[in-house]
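S.K.: Chains as they are written, first to last, in my numbering: chain A, 18 to 408; chain B, 457 to 599.
Hint data in this document are derived by calculation from the structure and do not stem from the laboratory.
Nothing here was measured: the structure is a model prediction, and the numbers come from that model.
Cβ coordinates follow ideal geometry from the N, Cα and C atoms, glycine included.
Among these hints, one or two may not hold up.
Here are a few chain A residues that sit away from chain B, every Cβ distance over 12 Å (derived from the structure) [what the hints assert, rightly or not]: (1) D67; (2) M74; (3) S95; (4) M116; (5) A200; (6) P211; (7) R249; (8) G346; (9) R377; (10) D408.
Partial pick of chain B residues on the chain A-facing surface, computed with a CB cut under 7 Å [said to hold, decoys possible]: (11) G473; (12) P504; (13) E535.
Each pair of labels, with its calculated beta carbon distance range [what the hints assert, rightly or not]: (14) A:Q218 - B:A564: 28 to 34 Å; (15) B:A578 - A:G327: 40 to 46 Å; (16) A:T150 - B:V520: 19 to 25 Å.
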Amino acid sequence: MSAGIAGRAAIVGIGQTEFSKESGRSELALATEAVMAALADAGLEPREVDGMATFLMDENPEIEVQRAIGGGELTFFSRVHYGGGAACAVVMQAALAVMGGLADVVVCYRAMNERSGRRFGTGVQGQTPRATTESAHFGWYAPFGLLTPASWVAMQAQRYLHDTGATTEDFGRVSVACRRHAATNPAAWFHGQPITLEDHQASRWIVRPLRLLDCCQESDGGVAVVVTSVERARDLRRPPAVIRAAAQGASDDQQMMTSYYRPGIGDLPEMDLVARQLWKQSGLGPADVQTAVIYDHFTPFVLCQLESFGFCGRGEAKDFVKDGNIELGGGLPINTHGGQLGEAYIHGMNGVVEGVRQVRGTSPNPVAGTEHVLVTAGTGVPTSALLLGRD
Amino acid sequence: MAAVSGGAAGWGHPRPGITLDNAFFWEGLRLGELRIQRCAACRQLRHPPGPLCPGCHSTDWDFVRSEGRGTIHSFVVAEHPQVPPFEYPNVIVLVDLAEGTRLVSRLADAEPESVAIGQPVAVDFETVDDALSLHFFRRLPEE
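Bound-form chain A, shown alone (with noise of 0.2 Å):
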């Protein structure tokens, strides 16, 4: 098999509005602002861009945003499903256009108001039931009362709990290191905000063995990334944060938040299959990462995912997580911004931006001698993945 997707494009704009609990302005605005940010940052005009990728979930069209950017002809336009399962899949699919010739100039973006408009926590309440697949499907679980997101994962971490002897406090060392990131991240909405592990023991019970601190938060705002092939990257103004891979996942027995009926359920197999691509297409390893965004919407997926990409053994995060081992200056700081805990909840476009800080080295928290960088996208659901690394 060839290379493939390894190292034919880059990242080579960044841009967020900033993050809060009411952003003031429509999701079309934030989405805009986040997109002109991001191809000033890259030095490309609007009338440059002719492709598009982003969330099957997000509310803002590609050609709205086309539009109110002032764009020009869009010759690629595409979503992706699963919520943020999505993050990581955009920047793929803005890859494979520009690999494929469709487009030179790829505009990845996510922006809601998913605090101060319809809270993205409710989970499924309030909606109406149809005769449709997917109503279909949470109607196995909405009538039970198992309505929100939190409550979908707590099914899976009550189990992991079970099988690997991990106790609630080792869910805790991720929301402490992901708190005491974004304590140091000015952009983050936790800023100067960090926690103890004895915070986390004492916050209250959202759906057990989910304490409120396991929990990322809701968060208006946008983010947005360019794409373009290596070579045209080496011509502009930043470092490029090339694709090392990209990949995507869906396994055995699929289901969107509640995989409940495979032989275990302490695991996520969609992050196993899409860990084992990046490696086969990179030919890099675990031990060639210094730094990874691992999505963090609710703790113990973020354990789950260590050891979906081998930096410990199966059942082993609750060790790897210990004495601050996944902070800075531990062996493998994660969410250098905060992650989705302590920066901001984007669907986890803010980590991929986070990813070409660290390639570029500006993050607020960098990790020094970084070569590559993974950052994983949402978990529960089909699911994506990229490795980032300088040109």
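Got chain A sorted already, so can you dock chain B onto it with the hints?
M.R.: Just chain B now, kept in the frame of chain A:
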């Protein structure tokens, strides 16, 4: 109780989306039966149901009536947000049925601290209204 946005007020009891693939299951609950879809060709049981057998690809299916006995594969205790009409804390279980399939249900009469993976459970039924009945489980004495 914290305010819940998203239009929960007046929602009533959450209802399933009914399709031609799953209507038999919800009809069974109204008759006091816990039904499991079965491939008419290879006899494999499957839940959640679907239009064809993932094993042999037959589109012919019927269903069996579960004995309603099983064990807790996992569980959660929902505490927040507190959404009507549910009572909190709400213990929600993932049950391994004796027949081999798995399903999500509610566990009645359960102090959250006393619930554990592996405990034996048995099904019962409750009527929400004329159009909807639900299954729920109670724990059995451990053998």
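S.K.: All hints, please: hold or fail.
M.R.: Against the structure, the hints:
1. D67: Consistent with the label, D67 of chain A stays out of reach of chain B, its closest Cβ about 37 Å off (over 12 Å).
2. M74: 15 Å, holds
3. S95: 27 Å, holds
4. M116: It holds; M116 of chain A is separated from chain B by about 34 Å at its closest Cβ, greater than 12 Å.
5. A200: 26 Å, holds
6. P211: 24 Å, holds
7. R249: 44 Å, holds
8. G346: Holds, because the least Cβ-Cβ distance between G346 of chain A and chain B comes to about 35 Å, which exceeds 12 Å.
9. R377: 38 Å, holds
10. D408: 45 Å, holds
11. G473: Holds. Min distance 3 Å.
12. P504: Nearest chain A Cβ about 5 Å off; hint holds.
13. E535: Holds, about 4 Å.
14. A:Q218 - B:A564: 28 to 34 Å: 29 Å, holds
15. B:A578 - A:G327: 40 to 46 Å: 42 Å, holds
16. A:T150 - B:V520: 19 to 25 Å: Hint holds: Cβ distance 24 Å, inside 19 to 25 Å.
Hint compliance for this structure: no hint is broken.
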